[in-house]
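Chains A and B, in that order, give the protein sequences. So the first sequence is numbered by the working numbering: it starts at 1 and just counts up by one. So the second sequence is numbered by the working numbering: it starts at 1001 and just counts up by one.
Derived by calculation from the structure, the hints in this document are not laboratory data. There may be inaccurate statements among the hints.
Counterexamples of contact, computed for chain A against chain B with all Cβ distances above 10 Å [to be verified]: (1) V4; (2) T13; (3) M60; (4) P61; (5) A93; (6) N97; (7) S100; (8) P103.
Taking lysine-lysine and the BS3-like style, the derived pairs with C-alpha atoms no more than 25 Å apart in a straight line are [stated by the list, open to error]: (9) A/K78 to B/K1058; (10) A/K24 to B/K1078; (11) A/K78 to A/K68.
Where a beta carbon is used, it is the ideal one built from N, C-alpha and C, also for glycine.
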Amino acid sequence: DAGVIQSPRHEVTEMGQEVTLRCKLISGHNSLFWYRQTMMRGLELLIYFNNNVPIDDSGMPEDRFSAKMPNASFSTLKIQPSEPRDSAVYFCASSLNNLSNQPQHFGDGTRLSIL
Amino acid sequence: ILNVEQSPQSLHVQEGDSTNFTCSFPSSNFYALHWYRWETAKSPEALFVMTLNGDEKKKGRISATLNTKEGYSYLYIKGSQPEDSATYLCASYLRSNDYKLSFGAGTTVTVRA
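Take these sequences, add in the hints, and give me the full structure.
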């Protein structure tokens, strides 16, 4: 299995532009997690899905952020409009299910820089 | 303890020496404790998931123990090698975080040859 695949690996864009991050889950996994990593706050959970349904989006910073899971294997995280404070590394992770005893498998992350 | 805390924040180890570090978490309503290894420029990789008090897990030279009653886990590295250099994250499901996985800040281990 190729593991969790994220794209792009790096994104540099100007403030105000729309940014779309993509994630492909490991085949057979039913739970999907989006994280943001910053120096100040470490690894923060933004939102997670179970069986394509958003379960908890309380970590999403504000209305500029949205996430979708149009099918069982793919998810997007969108920022519109983007701001410099959104600059961070965004990780996607998947697990077999959302039970606490299941490890999460992380993608390589998208390093986002908003100028 | 309300959150997941790790100590020390960083440590330096001479190649061949053994080391250990701590993860503390709220012991009430415990569900599971995860350890991840995060190498620079890579993604976090799951090491262990532990659920039972007294659990001990081992993978090669790395092992972990769990005490759910007092709310701590130790990670041990025996005979450290340069390739063990990484940040080690622990994470626990917390009632205070609506039973979502909450990560500690990590312990960054640097093994000197």
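Hints and how they fare:
no., hint, result
1, V4, "violated (8 Å)"
2, T13, "holds (22 Å)"
3, M60, "holds (13 Å)"
4, P61, "holds (16 Å)"
5, A93, "violated (8 Å)"
6, N97, "holds (13 Å)"
7, S100, "violated (4 Å)"
8, P103, "violated (3 Å)"
9, A/K78 to B/K1058, "violated (39 Å)"
10, A/K24 to B/K1078, "violated (36 Å)"
11, A/K78 to A/K68, "holds (8 Å)"
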